[in-house]
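The listed protein sequences correspond, in order, to chains A and B. Our numbering numbers the first residue of the first sequence as 1 and each following residue consecutively. Our numbering numbers the first residue of the second sequence as 1 and each following residue consecutively.
Treat the hints as calculated values from the structure; they're not laboratory data. Hints may contain errors.
As the list makes no split between identical chains, a pair holds if one copy fits it or if it spans any two.
What the hints assert, rightly or not - Here are the computed lysine to aspartate or glutamate pairs in the DMTMM-like style, where the Cα-Cα straight-line distance is at most 20 angstroms:
#1 K291 <-> E263
#2 K78 <-> D163
#3 K82 <-> D159
#4 K25 <-> D339
#5 K82 <-> E197
#6 K236 <-> E263
#7 K78 <-> E198
#8 K200 <-> D159
#9 K200 <-> D81
#10 K78 <-> E197
#11 K82 <-> E198
#12 K236 <-> E131
#13 K291 <-> E197
Protein chains: 2
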Amino acid sequence: MTNSQTVTDPTTAHVLSVDAMGGDKGPATVVAGLAVFLRRQPEASALLHGPESELKPLLSKHKIADRVTIHDARDVVKMTDKPSNALRQGKGTSMWSAIEAVRGDNAAVCVSCGNTGALMAMSMLRLRKAEGVNRPAIACLWPSRNPSGFNVMLDAGADIRADQDDLLTYALMGASYARNGLDIAYPRIGLLNVGTEEHKGRAELKVAHELIGNAAERGDFNYVGFVEGGDLPSDKVDVIVTDGFTGNVALKTGEGTANLISELLRGALMKTPLSMLAALLARGSLRRLGKRIDPRRVNGGVFLGLNHTVIKSHGSADETGVAAALDLAYQLARNGFSDKLAARVASAASLAQDAHQEGDAGTSDTNTG
Amino acid sequence: MTNSQTVTDPTTAHVLSVDAMGGDKGPATVVAGLAVFLRRQPEASALLHGPESELKPLLSKHKIADRVTIHDARDVVKMTDKPSNALRQGKGTSMWSAIEAVRGDNAAVCVSCGNTGALMAMSMLRLRKAEGVNRPAIACLWPSRNPSGFNVMLDAGADIRADQDDLLTYALMGASYARNGLDIAYPRIGLLNVGTEEHKGRAELKVAHELIGNAAERGDFNYVGFVEGGDLPSDKVDVIVTDGFTGNVALKTGEGTANLISELLRGALMKTPLSMLAALLARGSLRRLGKRIDPRRVNGGVFLGLNHTVIKSHGSADETGVAAALDLAYQLARNGFSDKLAARVASAASLAQDAHQEGDAGTSDTNTG
Numbered sequence: 001m002t003n004s005q006t007v008t009d010p011t012t013a014h015v016l017s018v019d020a021m022g023g024d025k026g027p028a029t030v031v032a033g034l035a036v037f038l039r040r041q042p043e044a045s046a047l048l049h050g051p052e053s054e055l056k057p058l059l060s061k062h063k064i065a066d067r068v069t070i071h072d073a074r075d076v077v078k079m080t081d082k083p084s085n086a087l088r089q090g091k092g093t094s095m096w097s098a099i100e101a102v103r104g105d106n107a108a109v110c111v112s113c114g115n116t117g118a119l120m121a122m123s124m125l126r127l128r129k130a131e132g133v134n135r136p137a138i139a140c141l142w143p144s145r146n147p148s149g150f151n152v153m154l155d156a157g158a159d160i161r162a163d164q165d166d167l168l169t170y171a172l173m174g175a176s177y178a179r180n181g182l183d184i185a186y187p188r189i190g191l192l193n194v195g196t197e198e199h200k201g202r203a204e205l206k207v208a209h210e211l212i213g214n215a216a217e218r219g220d221f222n223y224v225g226f227v228e229g230g231d232l233p234s235d236k237v238d239v240i241v242t243d244g245f246t247g248n249v250a251l252k253t254g255e256g257t258a259n260l261i262s263e264l265l266r267g268a269l270m271k272t273p274l275s276m277l278a279a280l281l282a283r284g285s286l287r288r289l290g291k292r293i294d295p296r297r298v299n300g301g302v303f304l305g306l307n308h309t310v311i312k313s314h315g316s317a318d319e320t321g322v323a324a325a326l327d328l329a330y331q332l333a334r335n336g337f338s339d340k341l342a343a344r345v346a347s348a349a350s351l352a353q354d355a356h357q358e359g360d361a362g363t364s365d366t367n368t369g
Numbered sequence: 001m002t003n004s005q006t007v008t009d010p011t012t013a014h015v016l017s018v019d020a021m022g023g024d025k026g027p028a029t030v031v032a033g034l035a036v037f038l039r040r041q042p043e044a045s046a047l048l049h050g051p052e053s054e055l056k057p058l059l060s061k062h063k064i065a066d067r068v069t070i071h072d073a074r075d076v077v078k079m080t081d082k083p084s085n086a087l088r089q090g091k092g093t094s095m096w097s098a099i100e101a102v103r104g105d106n107a108a109v110c111v112s113c114g115n116t117g118a119l120m121a122m123s124m125l126r127l128r129k130a131e132g133v134n135r136p137a138i139a140c141l142w143p144s145r146n147p148s149g150f151n152v153m154l155d156a157g158a159d160i161r162a163d164q165d166d167l168l169t170y171a172l173m174g175a176s177y178a179r180n181g182l183d184i185a186y187p188r189i190g191l192l193n194v195g196t197e198e199h200k201g202r203a204e205l206k207v208a209h210e211l212i213g214n215a216a217e218r219g220d221f222n223y224v225g226f227v228e229g230g231d232l233p234s235d236k237v238d239v240i241v242t243d244g245f246t247g248n249v250a251l252k253t254g255e256g257t258a259n260l261i262s263e264l265l266r267g268a269l270m271k272t273p274l275s276m277l278a279a280l281l282a283r284g285s286l287r288r289l290g291k292r293i294d295p296r297r298v299n300g301g302v303f304l305g306l307n308h309t310v311i312k313s314h315g316s317a318d319e320t321g322v323a324a325a326l327d328l329a330y331q332l333a334r335n336g337f338s339d340k341l342a343a344r345v346a347s348a349a350s351l352a353q354d355a356h357q358e359g360d361a362g363t364s365d366t367n368t369g
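With the sequences and hints as input, model every part of the structure.
Structure (structure tokens):
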């Protein structure tokens, strides 16, 4: 399979574009996370967007000034800004500057902790939707029983609607992301529904069920059919496809449930002297468990379906969280993910219609998307 | 406020109609759960539906034969039966018989562990929708930080669609259920969305937002506005309203997340000798925690919007779970819930349109629904 859309300059495959501003904890945390990441990845470098006067001393403090180029941007998109306002007044912001750097191919992937709505709106405006994509999606990682520890779910909330064709696009994009982000050569895709029986669910889901099933062979993924909410953390699927409304509710419900349980667990272990002693003894084990389901380890919602890749880190991410988002960005950057995804999606329409040539596709070529 | 629809015979307010068949564990578990319930409630009695030859020895074994009347029904709706088949061939089944008993006012509330789809279809056919209800809903209980320990969420999956008027009806029904099932005189209602800002979400949600807000005062509830998935276990709301597709995915996502965490916790505590000792020391505390989030304690999806109340117990419920569903049924039966709900919903349309009389309603009369 040839890739006619390869545009990423190989010299920028190790460069990330990082918005220093907009996170809840400020630029000091972003720079600290960047320092952690750069220590782990000696070949990587970064473009850092924000007020130079603020960023310069932070870089010196962490001794990473030689590997980071500051792009001076004085304005900041605030968490409370409406996307429409951010677009209108956004030109001087660090977020805008961070997106422009990937648009101009000066960096491979853009990372921001800022306002999600504004980041999506600005990315749509400047990077444009990839050919064949009607609605971009946000893919998130979900703690699971799989060997990698994670499943991919999309759309986590880029758009509140998705029709049958969008859901097919999500399946293709999710498969490509699982290959390049999680190293799963032949991902298993499931379509989220209220039951696994074929007659269940809304009309568009039944059509999408057909479309995704038909696209599986040439899309180099395995379609496992309908899955339910309880399968999000399961090991019978790698990628779960749903509309952004349902995905957003599911994501926040999962987080909310996990928070409630941790809170109750902490309360239970602090209740009696015996249980406090127990908590002390089990400290190591519980810390490992906490790490396993730590949201900071899965930090990074990836915007899929644009002409470049943008990663949204949690607004409340600490330096561990920021470093995790940068790790993910770097993995995708080195794999040339943006171009592979674009090639996958651009050929999706012809794939779906062109069922006759299905036999020619051969086995999975994991290097093409 | 007068209640023109009171039809429940006061002599049957202590009688439950129980489908003995259709649960995964068979009638022995249902009868064992019934025995637990009857020991707790000396004034209660039950009509038990299933094959007399099987049920009679079970009742004797638990010494509850004098408080239970068997309605002989030889056929059983299987978990794998399609609702349409169950309807066609259902007449001789224990499920049908259990529903008929509340239809004929021989019992106040019907409880079944059987096939959810068949139970809903049969209940719709025989009990009919209450006046003013377009789509009935299933209300479930959700472990929460509230003093009662639970929030109500509906629809948990009776219908995959819900328009703005349905969502208003769900709000009214959910408020009435919270009053009668959880003893919350003035419930706080939230509408599930992808964000709490007014401009977010689908068009029908924005309209429902207005409708529910307008109905709050005369409906004797407090409307808190949009809530997110993370608020399902929160203490800022008592009842969460959503369509059955989203509700079903959220419910199963919450259960799946809780299961994953318990599994990982168990694994973590069995990992090292120290952690095993810790688990032993904390046994009591962990058991209390387990009880707090035990799905058997919250057993019972309540079908709302029919002319009588039907409770769906988990198919896999053990005797503790069955007894919990019967407790809930009995609470609703004694409160005359079916009639109160019918009165609430029947007057809903006029309530919504009749904004001028809003001032007359006075303060909450917790006895009317």
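* Structure-inconsistent hints, enumerated in ascending order -> The structure breaks hints 2, 4, 12, 13; every other hint is satisfied.
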